[in-house]
Structure formats: C-alpha cells, structure tokens
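**Student:** Residue-level listing of the chains:
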Amino acid sequence: MTTGPAPAPAADGDALRVEHISKRFGAVTALTDINLRLGKGEVLALLGDNGAGKSTLLKILCGFQPPDSGRILVNGEEVVLKSVDHARTLGIDAVYQDLALINQLSVYHNMYLNREKIRWPLLNNRPMRQEARQHLKAMGVNIPSVDVQVARLSGGQRQAIAVARSVYSDAKILLLDEPLAAMGVKEAAIILDLVRDLKEQGEVSVIIIAHNYGQVLEVCDRVNLLQQGQITFDKKSSETSVVELTNLVVAEYRAALEARHRSA
Amino acid sequence: MSDITVGNRDSIDTGPPGGGGGGGGGLRSALGVLARQREVTVLAVTIVLLLYFGLKYPTTFVSNVNAVDLLSENAAPIMIIAIGEVFLLICGEIDLSVGFIYTLSPFIMYFLITYYHFPAFLAIIAALLMGAIAGWVNGFLTVTLGLPSFITTLGTGFVLNGIVLTTSHAYPVEIPAKAETLGRFIGTDPYSQIIWAVILVAIFHIVLTQTRWGLHTIATGGNLLGARESGINVGRIKYGNFMITGVMGALVGLQVAFYNNTVDPSAGGYNPMFLAVTAAVIGGTAMLGGQGTILGAFLGAIVISTISDGFNIAGINANPQPIIYGGAILIAMIANVRLARLRAQGSGV
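Here the protein sequences line up with chains A and B, keeping their order.
For the first sequence, numbering that gives the first Met the number 0 begins at 0 and goes up steadily by one.
For the second sequence, numbering that gives the first Met the number 0 begins at 0 and goes up steadily by one.
These are computed hints drawn from the structure, not numbers from a lab.
Glycine included, every Cβ here is placed at the ideal spot set by N, Cα and C.
Possibly wrong hints are sitting among the right ones.
Cut-off 20 Å, straight-line C-alpha distance, at most; resulting in silico cross-link-like pairs (SDA-like, lysine to any residue) [claimed, not checked]:
hint	chain 1	residue 1	chain 2	residue 2
1	A	Lys81	B	Arg227
2	A	Lys136	A	Ala180
3	A	Lys116	B	Trp212
4	A	Lys116	B	Leu121
5	A	Lys136	A	Ala188
6	A	Lys116	B	Thr210
7	A	Lys116	B	Thr58
8	A	Lys81	B	Leu224
Here's a subset of chain B near chain A, in silico, CB distances under 10 Å, partners left out [as the list claims (entries may be wrong)]:
hint	residue
9	Gly161
10	His204
11	Thr210
12	Gly213
13	His215
14	Gly220
15	Asn222
16	Ser229
17	Arg235
18	Met286
19	Gln290
20	Gly309
21	Ile322
22	Ile323
23	Ala327
24	Arg337
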C-alpha cells in the first residue's frame, strides 16, 4: 500500500485534527500513521472495508482507548483523551454501532444516561422526561412515549434516540459508527435526515463511519477512505462518486486476492 | 424536516404507561409498570397464604408470638440479605458468601469486646466494616481480576467459614454483657429485626428506583458494554453492590446473634443466602441482570416465611418444604421468561 496523504496544511476552524496516529494490538497493526481533519460543521464520511481500522480509530477519538503515538487536536489545541467522560467534556461524543442503549430503561433515562438531572440525592425525572420529549419532537423522531422501554422500539427509533442523546448533550463533534447498519430504507432515511439537519444548523461536526457508499455520499461533505490502517483517499463528496469509491475497494480486494494466489 | 414515524412495526398502546398508578417520577416508567405487575402478583400470593393460615389457625397463627416468629425471626433476615442480592443480581453478579459474612460478623464483635476491650458500639461498627471489606474482596476478585462471581464468592465463602471455625474452635459463645444494651435495638427486642428490615427495604427501594446508583446498577446488568461506553464506571457499581451485600450480611449476623443471645459458628451459611436469592427471584428479579425489585424480594421473603411458619403450625413435617420452595422458584422463573417473551411479541421484535 502507498503511504497516505501527508497531513493537510493547518486550516483555521478545524474542529478536529488527527496527526500521525498509530495503534497496535500485539502483533497486529490496526492503524499506521493516520492523518485526518474535520472542519467545523463539516460532515466527513470515513469509509473502508471490515477490518480496515475504522472502529479502532473511532474508539481512540472518543477516548475509549489511547493511541500508541500521534496527537489529537480539538479546536486547534492538542488534547490527550483520558476517558470517554473526558472526551465528552471536550464536546466529542460517539454513537456506537451497538448504540449503548439499555433495553430495560425508559427512553428518557437512556437519553440522560450518566448525565442525569439530580435533585440530590434523587433523580429529577420530570425535567428529563419533558426535555427528552421536546428534543425528540424537535428532531422529528416519533416514538409512542418517552416512558416506554427502548427494548420496545424499532432499529431506526433506537438509532435516532442514540443520536439525539449525543446531540442534546452539547456534543460538538459527533462520531457515528455504522449508523445505517442493518436498517431498512425508511429507518435509514430518518438518520440521514438527522445528519442533514445537523449540517444545516452548522454547529456540530460529524464523522460517519460506514461501508454503504451511496447513502452516505448523499449527506457528507467529504470522503476519506481507510484501507489497512491508513487513509488512502481524501476528496470532497462532490468530486467523487460511488463508482470511483467502489473501484478503489475492488482494486484493493483484487490485490489481496493476487497476493494470496502468489503465496499459495 | 423529517417527520417519519418508524412506528410501523409497533402496535403498542401509546398511552403513558403507569398513568393510573399516580406514583411519582420513575415509577411511571414502563419498567416500573412491569415490575409492579409482578409485585402485585406476589402480593396476591402473600395475601392468599396469610389468609389461608390465618383463617385455619386463628389462635396460633394470628398471635403476637407467631408474628414475631414469622416476621422477625424468619422473614427479616431473608429480606435484608435479599436487598444486597437484588442489587447484585441486577448488575449481573451474585454473592454466595454472604451467609458466611453473617456467621463471622458477631464473632468479630465478640472478639473485639472480649479480648481487645473495645466499646460495644465500636465493635459493632467493626463487624459491619468487616462485611464491607469482605464485599470489597469479592468485588476485587470479580471485577479487578475478572473471575465469575459465582466462583469467587464460593471461594471466599469457604475461607470465611474456615476463619470462623478456626477462631471459635467451632464452639458457640455468649453475647458479651457490654453489648446487650445496644443489642436490644439491633435484634434482641422482638420486633427490632422486622423494623430494621422494613426501613432498609424502603431506603433501598428508593435507591434502586430513584437514584443514579440504582439506574446505573440496572444499566450495568442490562448492557454492560453499553453502560461502559456511556461512561458509567461499571466496576465501581459492582464493587459497591458487593459491599452493600457484605454489610447487609454482617448486620443480619449481629441481629440473629442478639436475638438468640448466642454467637453460633453454625449460624448463617448457605441456607439464608439461598433463601434470599429465592425471595429475589420470586419477587421478579432476573438472574441474567438488568431487572429486579426490592419490594418484590420483600414480598418473596414473606411468602417463603409464611410457608415455613404455616407448615410448622399445621404440624406438617418440615421435610417437604424444600419441594415448595423449589416449585416456587421454578414457577417464578417460568413466569419471568413468559413475561419477557410476551413483551417481545408485543413490540414485534
């Protein structure tokens, strides 16, 4: 594989910059020298095959695990993310593929999980319930009631709640991990609409991790391709196409296939 | 603006669940309703049992002496230990050693007063502290070393039992005279145990349903990874719940010792622990975590105690009682699973 593009020149107004990040797990190199930038209010699609290192990068960016080397800049300032909570105080929040929802809890308790409103020593449920209802309504998410357990909701509703939870916790940088995975057309439309609305408001920068190029290309400003632990492609979404992206991945697949034949 | 309803799959009744209850805050959640339905079932069983024995044996069953037997001697220890087990089961763990914390705790008090001349109050605090430390050790082995709690607490239970037998030479001792005054409040007075149990049940019911600790306990057992990703310190929750259980076990040990006016190395053990887990399960606590109620366990403890007490009064041999307990556990578990399946069908998932 060729080396990835050199770090882009520092641009004012970058919400997030990643410079020379690498990560190994024992003998496996998950990420080698990742460079990435995310403008304020920008929606960046991070595409790549399974095992390319997308989730590893996401977990580093949200403070779940530290990188081996490299640095992360939030609003131009270098930060060392100590934990998920710490990243959150800096405005970085991730919506995981598994959504991190608790089936046994109500919608509003999920939306305020770990940032509950308290009237010491008790939970202050009334404002949580009211605000959860307002937020979901403002985002156009229809659910039967904020009192219902999330176990009873559909995949799209659950995803919408997970996104709403992050947006309304004052996240400025939102990391969405495979938000469209295993989702019907109608449900995916809700999530894409949510992202579009965020883009219009321009206050939240979003990284969408996905491997469905077509759907994501519709809402994102820029596309990065992650292949074997490196960013190999960085273009505006208006300058690329599904065909080009598909060809790139197919080329990678062919190369891998040939390598296997040669070694066999 | 998108305004699509994804609700094509759910034919759920959209009325606010629990609106009829008029309960405050979180009780109105769907969880609360399901839990309360379960509590209502157990309450009905409790009332039927009490009525049956009460009408059949109006003089013996309905008497002051029997009320103390049933509530203070039988039910209260189960209730108090069940508080801890419910919290642990909800966050996905179990403590098999709590019955041996129960055995050791009054010995700690006895040794400190008799050999180290501690004031009674401090000796009692130290005994409770021992429960917290034992719970911390269970937490350390389970959370920090990553062993399954079923195994770790089996091990620590044996160790605690060994400590009791070694230090006491397997002989019971009398309650030190210095501790008798305080002991009256803790367990000697006939109704003291059940009063403690009711107060603790009320407090921990609120902790479970109305505080962050309770919410995070449910989150930890309901979706461990999700809770962690949300930034909840799941280790701290588990440590804490092991320690709560340890203190509850230590308290019950002191109470029973005061009530019987003897510190007995054969008291406690596995039986009270298993009865507490039985009460929790009858009351609707799921063994897989994420679900359970303190009130349900409270009622479950009354059901268990009424059966054993009623059998005694009826002069029925105690031998078949375990069959009834076993049946009750199985029926409760089947009800749990059925309920979950019914709920899943309701949401179309």
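**Student:** Confirm or reject each hint.
**Tutor:** We went through each hint and held it up to the structure:
1. A:Lys81 <-> B:Arg227: holds, 14 Å
2. A:Lys136 <-> A:Ala180: Violated, at roughly 24 Å.
3. A:Lys116 <-> B:Trp212: holds, 13 Å
4. A:Lys116 <-> B:Leu121: violated, 38 Å
5. A:Lys136 <-> A:Ala188: Between Lys136 (chain A) and Ala188 (chain A) the Cα gap is close to 16 Å, so the pair holds against 20 Å.
6. A:Lys116 <-> B:Thr210: Holds. Lys116 (chain A) to Thr210 (chain B) sits at ~10 Å (cutoff 20 Å).
7. A:Lys116 <-> B:Thr58: violated, 53 Å
8. A:Lys81 <-> B:Leu224: Holds, at about 18 Å.
9. Gly161: violated, 39 Å
10. His204: Cβ of His204 (chain B) sits 12 Å from chain A, so the hint is violated.
11. Thr210: Check passed: Cβ of Thr210 (chain B) comes within 6 Å of chain A, closer than 10 Å.
12. Gly213: holds, 8 Å
13. His215: holds, 7 Å
14. Gly220: holds, 8 Å
15. Asn222: holds, 5 Å
16. Ser229: holds, 5 Å
17. Arg235: violated, 12 Å
18. Met286: Constraint on Met286 (chain B) not satisfied, violated at 14 Å.
19. Gln290: holds, 6 Å
20. Gly309: violated, 35 Å
21. Ile322: violated, 32 Å
22. Ile323: Status violated, d = 30 Å.
23. Ala327: violated, 24 Å
24. Arg337: violated, 16 Å
Hints 2, 4, 7, 9, 10, 17, 18, 20, 21, 22, 23 and 24, counting from the list given before, are not met by this structure.
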